[in-house]
Every structure is written in C-alpha cells, then in structure tokens.
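Take these sequences, add in the hints, and give me the full structure.
There are 2 protein chains.
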Amino acid sequence: MKRSKSFVKTLRAAPKDESAKSAQYLIRAGFVHKEMAGLYDFLPLGLRVLENIKSIVREELNKIGCEELQMTALQNPEPWKKTNRFDDQEVDIWFKTELSAGGELGLAPTHEEPITTLMRTYIESYKDLPVYAYQFQTKFRNELRAKSGILRTREFLMKDLYSFSPDEESHEQFYHQAEAAYKRIYERLGLGDCTYETFASGGIFAKFSHEFQTILDVGEDTIYFNKDKSVVLNEEVLLPEVLDELGVKKEDLKSARAAEVGNIFTLKYKYSEPLGLEYTNKDGERRPVFMGCYGIGISRVMGVIAEKYADDKGLVWPENIAPYKYYLIAIGDEAEKLAEEYEAKNSETILYDDTSARPGEKFKDAELIGLPFRLVISDKTLADNSAELTNRQTGETKLIPLSDLKF
Amino acid sequence: MKRSKSFVKTLRAAPKDESAKSAQYLIRAGFVHKEMAGLYDFLPLGLRVLENIKSIVREELNKIGCEELQMTALQNPEPWKKTNRFDDQEVDIWFKTELSAGGELGLAPTHEEPITTLMRTYIESYKDLPVYAYQFQTKFRNELRAKSGILRTREFLMKDLYSFSPDEESHEQFYHQAEAAYKRIYERLGLGDCTYETFASGGIFAKFSHEFQTILDVGEDTIYFNKDKSVVLNEEVLLPEVLDELGVKKEDLKSARAAEVGNIFTLKYKYSEPLGLEYTNKDGERRPVFMGCYGIGISRVMGVIAEKYADDKGLVWPENIAPYKYYLIAIGDEAEKLAEEYEAKNSETILYDDTSARPGEKFKDAELIGLPFRLVISDKTLADNSAELTNRQTGETKLIPLSDLKF
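Line by line, the protein sequences are chains A and B. Using my numbering, read the first sequence as starting at 1 and increasing by one per residue. Using my numbering, read the second sequence as starting at 1 and increasing by one per residue.
Calculated from the structure, these hints are not laboratory results. Everything numeric in this text was worked out from a predicted model, so none of it was measured.
Calculated pairs, BS3-like style, for lysine-lysine (alpha carbon to alpha carbon, straight line, at most 27 Å):
1) B:5 / B:345
2) A:96 / A:82
3) B:127 / A:2
4) B:282 / A:9
5) A:5 / B:54
6) A:2 / B:54
7) A:270 / B:9
Take a look, some chain B residues computed to stay more than 10 Å from chain A by CB distance:
8) 243
9) 249
10) 349
Ideal Cβ positions, reconstructed from N, Cα and C, are used throughout, including at glycine.
This is the structure we're talking about:
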C-alpha cells in the first residue's frame, strides 16, 4: 500500500479528553477516529489489525470444532424477560429502542438469550449435541463512563462463543479445549507472556469462572498471584475461604493491575432451563442442555496490545497482527524506483511512504505507526546492494543485502 | 465441511408468516434464522454466502482506489441536526436510544453525516483529494413493515461508499468508474443479465440518480425500458418531461417488477456545506468538497439472488457466491472412505453429507441447499472409476472419471 493513496494522515495531537497512551497513539497514527466518548471508527490501518486478530481467533476456534454464525444486534425482549435480564434494574447497561410498528427492542450487550432460543430449532436429541457456535458481533453497552480509549467503549467488537453439551462431563472436556485454544490465541497475539488465566467470581451458578488477564498499568482489575504464577486470582475472589481451598496465603501473593482480555464461563442450566432448551437423552428422557460461554473483546484486545507494546515514540505492533510488516522509505530517485517495484509486488506486506514529506518526518511516522520493521533504501545503501532494516521493538538496525529481502 | 459437524439441519417447514420463496428456502435450508419480523440471523452457510458477496464487492472497489474503514452504528445527533436529518418528521426510519450518562443517540440508517464530519480531520487541501472510502456496516432502519424475508429488513448489512472530489468534473470521472465497477460486481454475482442501470429520482440536488435494478417478480419497484434496453426508468421518473428529454415515448416502453440492488448518487454539496467540509484549492481559496455516495445492500443482494435462481426444489447458488461448490454424497463403504479423503483435502469447496440420512433424503437436501454441483460416489460409479456430477441449475448429469475431479 502506498501512503499517498490513503486519506489517512498522522496527526500532531489527539483529542484533549483522551488520557490513555494507546488511544492517543491510535488516533495520532490514524488507526481509529473518535466519534464521541466511547465510540470509535476503525480507519483502514485499524481495521486491518482487527481483521488480523479475528483471523487468529477464527483459526483457533475452528480447530476445536466451532462454527461461525452471525446474530442480530436488535433484540426481541421476550427471551430476555424469561431470564429476567431485560429489566434495567437487573442489567443496567441496555440501550433500548422502540419499533415504529410498536414494541420495545434492545441492542444486544451479549447473546445468551437469542442463541439459546435459536438452538431450540436445531437441538432435539443427544445426537445433535454437542454444539459450539460463535460469532464476531458488535455489542452495545450503555456504560456510564467510557474509559481508556478502545479498552472500554459503548460499542465494540466481541467474539462470543457458546457451547451446548449433554452433561457436565462433556462440558468440562470442551471447557479445557477452549482454555487451551485461548492460550494459543494470546500466544499468537503477542500477549502470551503477560496474560494469566485467573480465578474470578463464577456468580451463583458456578464456584469460579476463568478470566484471562493481561498485566497492564491502565487495567481496571487487580489480580493476585504467587511466585510461580500457578495461582492467579482476581481481587474479587480474594477471600479467606478461597485462599484456604487453593492452599495459598495472602502474604505470599503479589498484586498487579491487569486488563481482562477474555473470559470463559460455565453457565450450567442458567439459560437452557428458563428458555426451554432441552434434548432427549439415550434413555428417552428430556434433559436441559448444559451450557458454557467464552468471550474475547476483539477491539479491546487491540487496545491492550497497543497499550502494552507502545513506547515513547509510538505504537509497536507484534508481527502477527500488524497491518503491514514493513514501513518502506526510499531516499533518492533510484531508491524510489526500486521501492515502487517492491510495493507493487507486495502491497499486502509493505506500507510505502511515497508522500512528499521530508525523510525526518517519514522516520517519525514509521515510529508512530509502529510496523514491525522499517526498511530504508537510499543511494548509499544501494551502493552496497543493500537496504537498512530496523526492528521497531528492539531498535536494532542492520544492513541487509537486497537479494535477502523476503516480503 | 462435514454436515455431521454442523449444528444446522434442513427443516421441513418455514415460519407461516414467511411468504417470499427465497425466505422460505433460506430458512428451511439453514442459511438464516428468523428472530422476529425483519430480523434474521445468518447461520454458517448464510454467513459464507455473505462473505463471498463481500469479497467480490471489496475486490472491485479496491481496484478503483477505494479504502475500507468501519464506522460506528451509534450516532452522535449533532452532525445530523446540522443537515436536518435527525428529526423524525424529516427521516422517519430512525431507531433512537438514550445514553445512561444523558443524551439521545441514533442507530445509523446510513453514514453521510459521520463520514463527512470524519473527513474534516483529513481533508484540508486539494492535495488531499480525491478520497474514496467505504465500509461494510450494519444499518438500522425502523421500517413500518418488513417484507420478503431478507429483502427488506430492519437490520441489514450494507456496503456504503462515499466519494470526496475537488469539483464536478473530477466527481464525474469517478462516478463513471463506480458505474463500471458496479456492472462488474453484478456480473460476478450472477445478476449481470437481469440487472439494469436505471434512471431514478435524484432528489433536489441532482436531476437523476442511478439505481441498479434486478428484474424480480417480488421486487418492490416497477421499471420501464425500451426494446434494446438503452433507456431504463424507475416508475417514479416516468414523467412527460423526462420522456421528452430522453427522446422516448411511453408506448414504446415495457414494464417489469424489479428489486433495487444498488444505487449511486451525486450528492454535490448537500453534506459538505452544512457540515463545513472544505478544502483549499490551488489558488488558496476555500471550496466545499463535491461528494457522491454509492450503496449496495449486501444481505438484500443475497436475498435477490436466492429469489431469482430458486426453483421448485430449492435454492440454486451461482458458483461465485455459493458457500461450497460440491454437495458430496457417498453410497457404500468404499465410496465413504474416498469421500472422507476428498473432504479432508478440500473442506472449503466440499460439503460432505456424512449424516445417517437415507440417500433419498440427501438428494433432497442437495436440491434444497442448492450448491452448484452434486457429486455422488457409489460402488456402481467406482466400478467405472467415476463419480456422478449433476449441475444444480441445468439438472444435467454426467459420469466423470475420478482422475478428472478438481475441487
């Protein structure tokens, strides 16, 4: 891609009300545009990052037998009334609206009720189980306070997976597969080292749920962990009886700020019972379906990665999710000619800065945008049949023979 | 893909309130699920069709220099108030909602106002023009009556492209490029032969707009055209002065029912003036940006194709957008073994019916789901080292040597 062909330019300043480092850089570098508090557009570079994150999540979920679908944002209140979750006293983050033909609708903050209802059409017998279905869907949550750029917004992209199993044993098997898939996902996203599977509150239907928490200064949660990190707890379950059960002492635990990047949850019969999702077992008996749900906030993950890796010069993208791999700068006529050729053949991996900006500005933009490698070709490097390759994360620079370049 | 791995089954009946043929088949064949009137979930097969349509549209738009972004569904009312389009008396299809922090929001029925506002950040000088930006976004329209399955819904996927040009001449150039891109898109979608570029009302800012109308019995529009189809008009502009200008007589025109599958519109300064989107020209003067917009209803196009091609046995998908190319049926142990191998190597093009259904049911499902080719392997065909290939559209069946099979 040639930068001259994009409408997006880097900006000198971010909106004054934007305090998170990631949000400031994402706006200045042209990945997102702020519509208003808690609402962000994804510009071409930002959309490419989102799509890269989605691809990784999709691949790992498909590997464990999950199927992708897409449900509506507008919600029929009926199933939500059956689970007592349409009432604003019970769930306080609804956006609601009215049909002109009459009747109230909600904007889905999550999708347990509609997918449980949908599955009544397809699940009748034990032969139809298990079912693992997921979607990438925009969720709407009427947060009183939107915070930290794309980390907590009122409209965001989420991957939500729902599992439907015949019994607890079968559910547990899949739950462990999902745990493993999540670990592979965070590994591939570049968050493997700093993301912990954390005991968190399970609500009234399960003792614990599991959250995936990434250590992050601006995170909203506090987690506690022991030396070898074999026990990691969300502050909300830091209770004497829990510590006893896990066999750890509070004084042996360290704390850190963290951001939730995913959660997995055993729902048991919480939705299948009130919504009548049953199946006939081998003995001909009707049983409620045993459910689980598994979320990853895709746009939030993008924010966490941006926040985690950014330095004082700008963004730093891990290679797997970077919108392009190389930021290409050419200095001199011959170098420009070669750069044109490289970009023409590799427009999906090279972002070529062919703008009229001075080299110094291009170097600054390369740092702000944060692609994994900066590649500079000049008359000087060409005299050596080489290009200068700089690793954005380490700052390491080396001359590399042109014949060794692989885009 | 193995059908046994999918939660979706074909259904004997569609909801009683579903009158359109395409909607009945799409539901029965498991492409969509009806949430309520005007609201449909896309199941795995349906989502694959949507993604195939998106890919074709994306490719053709990228070819003419367009950039993809994604804006929010929730809308700040401010820019809409400046163009007088937030008032329900002016635009009667808004869904509106309230921020818990206070203030009204809308759910975007289209995106002229936010994208014009966004471009104020990036367009300053003639050097920044032209800009062509598009998105695939869920639109929300509070239709009094939802109709014909996914042809007219309250929440739907739309591709909307906006052009920003320095002047009318530059706009016209791009407008013709967009026209040509649209023709290629409908050609590739399998609607080339029956889709006409149609003069339609241009509102108060342009004499005409152009619609792309596909001849369809259940279409909502009536179009008029002459013998060689060089003149095609929407009924709304069938006026004496228009006929005079085009040099045709009403009695020489034939009429047909049609469904709008796209439109392109010269907006001039309708949005740039009230929203203050200006640029500095070469002479240092401030000028409003000349705009156009270009829509394609992606989920509607899917419905139109379903409706257009379906026969009395079920759906018939053109190869370019079919979720898979082959519906594979194996009869006999040896055939099943071979089918497993084929599917394992070609899971993106083969839908293998490995369910326990009887062959007769599988043949019926093959017709209902409507993949381009049905491929049957049996001990009988294997005795000839062959498979039986049936074209869903023509019904033509032939034996084809296994060595000639290309998935």
